[in-house]
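Going line by line, the protein sequences match chains G, F, R and Z. Start counting the first sequence at 3; every next residue gets the next number (the numbering used here). Start counting the second sequence at 3; every next residue gets the next number (the numbering used here). Start counting the third sequence at 3; every next residue gets the next number (the numbering used here). Start counting the fourth sequence at 3; every next residue gets the next number (the numbering used here).
Note that these hints are calculated values from the structure, not bench results. Watch out, some of these pointers could steer you wrong.
A pair counts as met if it fits within one copy or between any two copies, since identical chains are not told apart.
What the hints assert, rightly or not - With a Cα cut of at most 27 Å, we get these calculated DSSO-like pairs of lysine-lysine:
hint, residue 1, residue 2
1, K122, K224
2, K291, K113
3, K243, K115
4, K68, K220
5, K115, K291
6, K291, K243
7, K220, K37
8, K75, K123
9, K243, K68
10, K123, K295
11, K295, K122
12, K115, K295
13, K243, K37
Number of protein chains: 4
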Amino acid sequence: MELRIEGIMPPIATPFSDGRVAHDRLRENLERWNKTGLAGYVVFGSNGEAVHMDQEEKLAMVDTAKQNLPQGKLLIAGTGCQSTEATVRLTNLAAERGADAALIFTPHYYKAKMDNAALKKHYLTIADRAHIPILIYSVPQFTGISVAPELVASLAEHPNIIGIKDSSGNIAQVGEMIAAAPPPPSFHVLAGSAGHLLPALALGASGGILALANIAPKECCKIFDDFRRGRHAEARELQLKLLAANKAVTAGFGVAGLKAALDMVGYYGGDPRPPLLPLGEDQRNELRKILKKANLI
Amino acid sequence: MELRIEGIMPPIATPFSDGRVAHDRLRENLERWNKTGLAGYVVFGSNGEAVHMDQEEKLAMVDTAKQNLPQGKLLIAGTGCQSTEATVRLTNLAAERGADAALIFTPHYYKAKMDNAALKKHYLTIADRAHIPILIYSVPQFTGISVAPELVASLAEHPNIIGIKDSSGNIAQVGEMIAAAPPPPSFHVLAGSAGHLLPALALGASGGILALANIAPKECCKIFDDFRRGRHAEARELQLKLLAANKAVTAGFGVAGLKAALDMVGYYGGDPRPPLLPLGEDQRNELRKILKKANLI
Amino acid sequence: MELRIEGIMPPIATPFSDGRVAHDRLRENLERWNKTGLAGYVVFGSNGEAVHMDQEEKLAMVDTAKQNLPQGKLLIAGTGCQSTEATVRLTNLAAERGADAALIFTPHYYKAKMDNAALKKHYLTIADRAHIPILIYSVPQFTGISVAPELVASLAEHPNIIGIKDSSGNIAQVGEMIAAAPPPPSFHVLAGSAGHLLPALALGASGGILALANIAPKECCKIFDDFRRGRHAEARELQLKLLAANKAVTAGFGVAGLKAALDMVGYYGGDPRPPLLPLGEDQRNELRKILKKANLI
Amino acid sequence: MELRIEGIMPPIATPFSDGRVAHDRLRENLERWNKTGLAGYVVFGSNGEAVHMDQEEKLAMVDTAKQNLPQGKLLIAGTGCQSTEATVRLTNLAAERGADAALIFTPHYYKAKMDNAALKKHYLTIADRAHIPILIYSVPQFTGISVAPELVASLAEHPNIIGIKDSSGNIAQVGEMIAAAPPPPSFHVLAGSAGHLLPALALGASGGILALANIAPKECCKIFDDFRRGRHAEARELQLKLLAANKAVTAGFGVAGLKAALDMVGYYGGDPRPPLLPLGEDQRNELRKILKKANLI
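With the sequences and hints as input, model every part of the structure.
Following this line, the structure appears as structure tokens:
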């Protein structure tokens, strides 16, 4: 079972309306995204507010995404839970419903105990029992845990562990992973933020799973294509131009900002679930200015 | 509805056996704890591996604890979830099953966005809708978020927010909370670790919710009683004597260490759920030595 | 050579005027402080802007302080430098000029390499060669390094290492140090902030080196005396009352705030050296309100 | 006065022997480095143990470096001190002795107060008064402070602030600086570690000031040249190959590791000054293996 992961995928925002997942809105968003060069989608990742959804909601989202997935595009589900057992269970339920792969964050509540030995056992157990390939997800902003390159190298030997999304922004570490793990399609190192997309590609990354790709799918894909075709100056120019917008919809305004930006660029965003607060009017104005400057509206 | 929270409560370890919650073991542990001066119990707190349990398991644990709860002892449930809505729901389910109050951690996955405004709205919404009183739970070791004294002062005005468990170990902050919030029974500031029990009492804390009270219930209660009766030298001596053991079953060896220690002192501990790893033999030997030195075995 | 360190000492702010150390102002401040129950003074500690002074200035300050030191009060110099050799040299120069002891912060520029082995060798080398007793200074707010209780226990065996000022605010750690080190006058554990003065005393601390004692010497001494005489309620009340003022002149407004507060309570404060900025008008007003509420003005 | 900073420079290790700066060893090292394509040298930067040297030693080092500096190579001095005044003074003394520019770290002892306003005033004051151009030095590993891109953009407007060395490894931030500041020779963004050299170049960095260039000057220059000439595959391959060696002589084994590596590759390294400990035998063996694998020995 070989899966090749190349190009750009958004970890899509989950559209809520009246407190429920708005499947019609999700469909509309997917239809628009489908017309771009995106390689696929990640459902209920960090930007999809996985932690604010229950299992039913997650699986229903796999269904809707699968029904609207053109051939050749990938569907990846963010099935990481705090316990190993719950992660295996959710991964296999998502697999049954049609997910092609699972993106699994590091468990992190007991972060001081999540050393390499604990994480290794966690991921190997899941890899052994999962019915679809898995990707490691290193996102210290949210978890406080940065997956070490030597652990990645060791996990990459498992045939069912096929990549990592590294959102740490530690580009030396991204390089160390690429240097240490086998090349695609055995193992894919993916940029976890548009902030380091081009730098990661320059080191050999296979692509990126990027919040920014929600609102700027074409632009993110263009950086990837430009780079692959040796148009380095164009890639660089676009990368620099998008940095402020990327920051705004990630560290800057967070998920609420990403959703507001979706609304601004013509997708459905809506509000995040509490306790995340929607953007205030001043923040929206600032965001709008940033998106304009990046030519996204 | 006035609830007075005074004295020592353990956030009890959840006994697992063959992958299931071992209710018989839980009952046996409770029977022994019931013979001590403990003021009550917290079920599925951080040390109870709440993040490794599903809703069914949590509610069944409330049932068992309630059935074995002597009059006059409190039952508090750790009902914090990442989303406000899920927290309200679990809190009220636990209330239906007999929990007297709920201990609610700060949501923390999107920690950079959990500013005072977001946390305030979260706790006020829950307090408005919860059928039992709630306690704030500040535990930066696990969440990366330390609840600020000024937020505590503001939340303490809500009649249904009756206290805080502060596990930060920042004793100045504990003092600031005591200085800023109304006195018990309106609001109770509780030490969140035996490491700062006596210091917190010296500042006016109402008691403590202490991992160490799982394995040293009598000793923890004795510090509380000695302090209340003005036996400061005795309180101090015991406090200093227990520090190493407390560290071992918290920051040192974590939940796995607490469970191993339970086994060593005659309760049922068992293993934590993966990805937490059980202690290795060397660690057990070290732990045993520490417990012996503290006269706990 | 036995030195007993008991009670309260301020790490005094260094008065600057026209870019120079204002020795006349220093004398005036000392004359006022001398009338209180302070046990002595720390010159050029963190609050004395040691890092903004050159060696000449530091030694001249020892001279002035020594000339104005009543019998029975101690003079401690903050002689820590990044290199071991420079620390030995400055310590012995301060000793020649009359310092009774030296308070030596952890070197910290290469903080990742300052493990227990490196710190142990650093302090033992200094202790062997210093002509006056030394105190360890653990101040992670500024250095990023918290001295571990087990290192303290080991260093405390050296006859010329007679104590530690712990500014970490980690009260469990303060307790662990007291439990592990020999009692005074062999070794003195001193609170490093008024924020944890009473809690530290409750655990057996010998006193405190407190920024707040610059502006509230009598009040800090009263907490110490009340505690020693068993007036726990009074000690507690005053401790809680001073917390906000203490925070304002430490973490809140920093050295600039401490100096502004000195001016407000009738001492000479003046401005800190750049890059520290003096307080703005709004900050001064806020500070004044806090000091009034604490009855300090 | 226009200075163009392009290419690779090592922040050279300061050779000590018998507790003194070994100027003969320094000369020998410089002679060898002079034969490579290095664009110049940084004396007494972080890797030069500036914090372990006094002013005399620093200025003498400028002398020796200047005497051995071939035309066309730059001499940059690491003149940052904690106080603004001391930094101006040292910068101008270094200028008198022949330094072409100064690399000035963020003051950091009072890190919580080093907000953008304080840092801005600090750097502008220095830039106004310095007789040579200055470069900002952002090195959060040592200082706890990461200079924000918006501050860089603002400071870059000053004609005497001509660049930044960013050692944070936050590559998105490096990009934001390049996007926000004017292009060379007005302002130069320089990689502060070989770990992100190629990624920074891909974004438009002017070069790098790299610890690794002490021991691998040719290799670091080759990455720069390959990139500039469009040999991306070669640049990438060499970048990936050097990552482990770079980590070993920076975060891994620190300054002591860099010096041991210098000895291994045929330069003079010697021991660092205490409290830095020299490498143990096991560490040396591990380091040797890493250098061999990178073809550096």
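Hints not upheld, ascending by number: 1, 8, 9 and 10
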